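Visitor: Each chain, letter by letter, is given below.
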Amino acid sequence: MASASYLTSAFVYAPESCRLSQTLQTQRRCTRKSGPARILASIDLKPPPYALNALEPHMSKETLEYHWGKHHRGYVNNLNKQIEGTELDEMSLESIISASYNKGDILPAFNNAAQVWNHEFFWESMKPGGGGKPSGELLELINRDFGSFEGLIHEFKLAATNQFGSGWAWLIYKEHKLDVPNARNPRPSEEDKKLVVVKSPNAINPLVWEYHPLLTLDVWEHAYYLDYENRRTDYISTFLNKLVSWETVSSRLEAAKVLVAEREREMEEIDAIDDMDTIEPDDADMYFGGDADDFPEDEEEE
Amino acid sequence: MSWSISNYLISSSNELSRCKLPYGSEGQRGKCQALNRPTNISAYNSLKTPSFKFDQVQKRKDHVLKKPRNISAYYSLKPPNYKFDALEPYMSQRTLEVHWGQHHRGYVERLNEYLAKDDILYGHTLDELIRVTYNNGNPLPEFNVAAQAWNHDFFWESMQPGGGNLPILGLLQQIEKDFGSFSNFREEFIETALTLFGSGWVWLVLKRNERRLAIATTTNAVTPLVWDDIPLLSLDMWEHAYYLDYKNDRARYANVFMDHLVSWNVALGRMARAQSFVNLGEPKIPVA
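If you're matching them up, the sequences are chains A and B in order.
Using our numbering, read the first sequence as starting at 822 and increasing by one per residue.
Using our numbering, read the second sequence as starting at 296 and increasing by one per residue.
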């Protein structure tokens, strides 16, 4: 697994029509019609944005080789095998996840699809020489929602340690929203949108709960067993002190805010249209005036 | 319930009874001392051998090792019946050291901590404790650690150095009756192990009501005890069980377990014991 060639291999067969963009919310799919057709279904194995030995000594090259090269690659290959020829084949990864989540009654493709997404998100949450403290708006929100940066660290460590079995710990941006289409927050304010720490088992991720993930930590044992054996707390501390990339988290927070603002604007537009369907003055008699005896037999015009 | 006689009868090796250890569980290589010397049990008062001298020797030893004298543990950590390197090359010594010495030990210690904080659950055997804390599907916090302590005990006993090969006698007959052939069973077992997602266990169980063998999987810490089936064998599919030796090659791990590690003798013994509770065949009544 030559670390120099990973960049080239990802781009070699990409025609101009294919946008392999670096932002996280966009599609991963790339139509390889002009390239050699090996696998027909086309979720890609995206390499981490750094060399496999770049996170030494906190996360060894061997771990990256197995974790990315075998586990993550396995999920991608198995997913492609599963969705090939089905209706999920032409969809973006996030759509596959929400379709196969099936509101909790998960379909077979969910585990692989969610794990592919989770691992991509995880690699991008780290960087060589990471750690330190966040800054700017992210730090303000952290201070507002957790009291202090140390409060966030404490809660994140707790969530990651207490996730029993396999799973993930997340920092997410949560908007005030119910899971019904006609839910409206009567008095929306900036205070409702919070940063929260959550943990999820196995392959579940906060996208299915309609949160906006900002940071994740893989606490499946394969993520830390080669380096730390069973010392999960050491792994978590090292991740938070030496690996986490707060710049990525900040940029994800901004993207999430943009998305939330857009959605709010859409909701407002829909509300404005709805408000126009008020009772016309002509129909007032039908609702407010007249006795029961005076009720006309033929229908009023609406 | 808590003072019934069953608490003091050690009816099977994989059943950890409540034992109060006056001098600490780690003092004698982690073995449960009460198995040798029950002390303050009223039922045994008349049978108690004079042990004053032994106590004095023990006290001196503890004093040298600077052990406090009032440690009591509710459940003890039982080591496997074989040395840590006895399962090489199929399960390395390092795996045993970490898996037993850190994971399993951690579970037992956390269970004891839970009970030390609030001993409302005091007095159960470990089997009973699992059922009680499972709470019919709404588990209490102690469930995970209690069940994992039991599961790991069961797992160590399900393996032996020089294991594998074929089951014999009644167990082989029952497997052939319920699965068609041993190779069918083996294939199904391994496939079930590979399709398990996340952390969990694969079991060969005797289903109490249906009176047949079956393969079951459970996630995380759940065990077939909670739905009242009788487990005969288990395979730990948590990643910590195989990652140091096989990394992500679960197929090889499952195959090696079946070929070289599984102890059919123990499974046969468990099934024989289970037949006291489950009638697997019609009694052979001779026709006059």
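Because the hints were derived from the structure by calculation, they are not lab data.
Some hints could be false.
Stated by the list, open to error - In the SDA-like style, the derived pairs of lysine to any residue whose C-alpha atoms are separated by at most 20 Å in a straight line are:
1) A:LYS882 / B:LEU539
2) A:LYS902 / B:LEU539
3) B:LYS412 / A:ASN983
4) A:LYS882 / A:ASP1055
5) A:LYS891 / B:LYS412
Claimed, not checked - Computed spacing ranges between beta-carbons, pair by pair:
6) B:SER476 / A:SER1072: 56 to 64 Å
7) B:THR490 / A:SER913: 21 to 29 Å
8) A:ARG894 / B:SER476: 49 to 57 Å
9) A:GLU886 / B:GLN570: 48 to 56 Å
10) B:ASN574 / A:SER913: 55 to 63 Å
11) B:ASN433 / A:ARG894: 35 to 43 Å
12) A:GLY953 / B:LYS412: 34 to 42 Å
13) A:ARG894 / B:PRO456: 34 to 42 Å
14) A:SER916 / B:GLU482: 48 to 56 Å
15) A:PRO878 / B:LEU575: 54 to 62 Å
16) A:GLY895 / B:GLU392: 23 to 31 Å
17) A:SER913 / B:PRO456: 47 to 55 Å
Unchecked claim - Which stretches of chain B does chain A cover? Using the computed rule of at least three CB atoms under 8 Å from a CB of chain A, they are:
18) 414-427
19) 529-539
These numbers come from a predicted model, not from an experiment.
Heads up, the beta-carbon is just placed ideally off N, CA and C, and yes, glycines get one too.
Visitor: Against each hint, give a clear statement of whether it holds in the structure.
Guide: Now for the hints, and whether the structure bears them out:
Of the supplied pair hints, the one linking A:LYS882 and B:LEU539 holds, its CA atoms being roughly 15 Å apart against a limit of 20 Å. Taking the CA atoms of A:LYS902 and B:LEU539, the gap is about 29 Å. The hint is violated against a cut of 20 Å. For the proposed pair B:LYS412 and A:ASN983, the alpha carbon gap of about 19 Å is at most 20 Å, so the pair holds. With a C-alpha separation of about 18 Å, the suggested pair A:LYS882 and A:ASP1055 falls inside the 20 Å cut-off, and the hint holds.
Taking the CA atoms of A:LYS891 and B:LYS412, the gap is near 43 Å; set against the 20 Å cutoff, the hint is violated. The given range of 56 to 64 Å is respected by B:SER476 and A:SER1072, whose C-beta atoms sit roughly 59 Å from each other. At about 27 Å, the beta-carbon gap between B:THR490 and A:SER913 stays in the expected band of 21 to 29 Å. Range check, A:ARG894 to B:SER476: Cβ separation about 36 Å, and the 49 to 57 Å hint is violated.
Under the hint 48 to 56 Å, the C-beta atoms of A:GLU886 and B:GLN570, about 50 Å apart, fit the expected range. Here the CB-CB span from B:ASN574 to A:SER913 is close to 57 Å, well matched to the stated 55 to 63 Å. Here the CB-CB span from B:ASN433 to A:ARG894 is close to 39 Å, well matched to the stated 35 to 43 Å. Against the hinted window of 34 to 42 Å, the Cβ-Cβ separation of A:GLY953 and B:LYS412 comes to about 37 Å, which satisfies the hint.
In this structure the supplied range 34 to 42 Å holds for A:ARG894 paired with B:PRO456, their Cβ-Cβ distance being about 35 Å. At roughly 36 Å, the beta carbons of A:SER916 and B:GLU482 sit outside the given window of 48 to 56 Å. Distance hint check for A:PRO878 and B:LEU575: the Cβ-Cβ separation is about 57 Å, which falls inside the suggested range of 54 to 62 Å. A C-beta distance of roughly 28 Å is found between A:GLY895 and B:GLU392, which places it inside the suggested range of 23 to 31 Å.
Checked against the hint of 47 to 55 Å, the pair A:SER913 and B:PRO456 passes, with Cβ atoms roughly 52 Å apart. For the segment 414-427 of chain B, the stated coverage by chain A is not satisfied: 0 residues place a CB nearer than 8 Å to a CB of that chain, which falls below the threshold of 3. Counting residues of the segment 529-539 of chain B whose CB lies closer than 8 Å to any CB of chain A gives 5, which reaches the minimum of 3, so the coverage claim holds.
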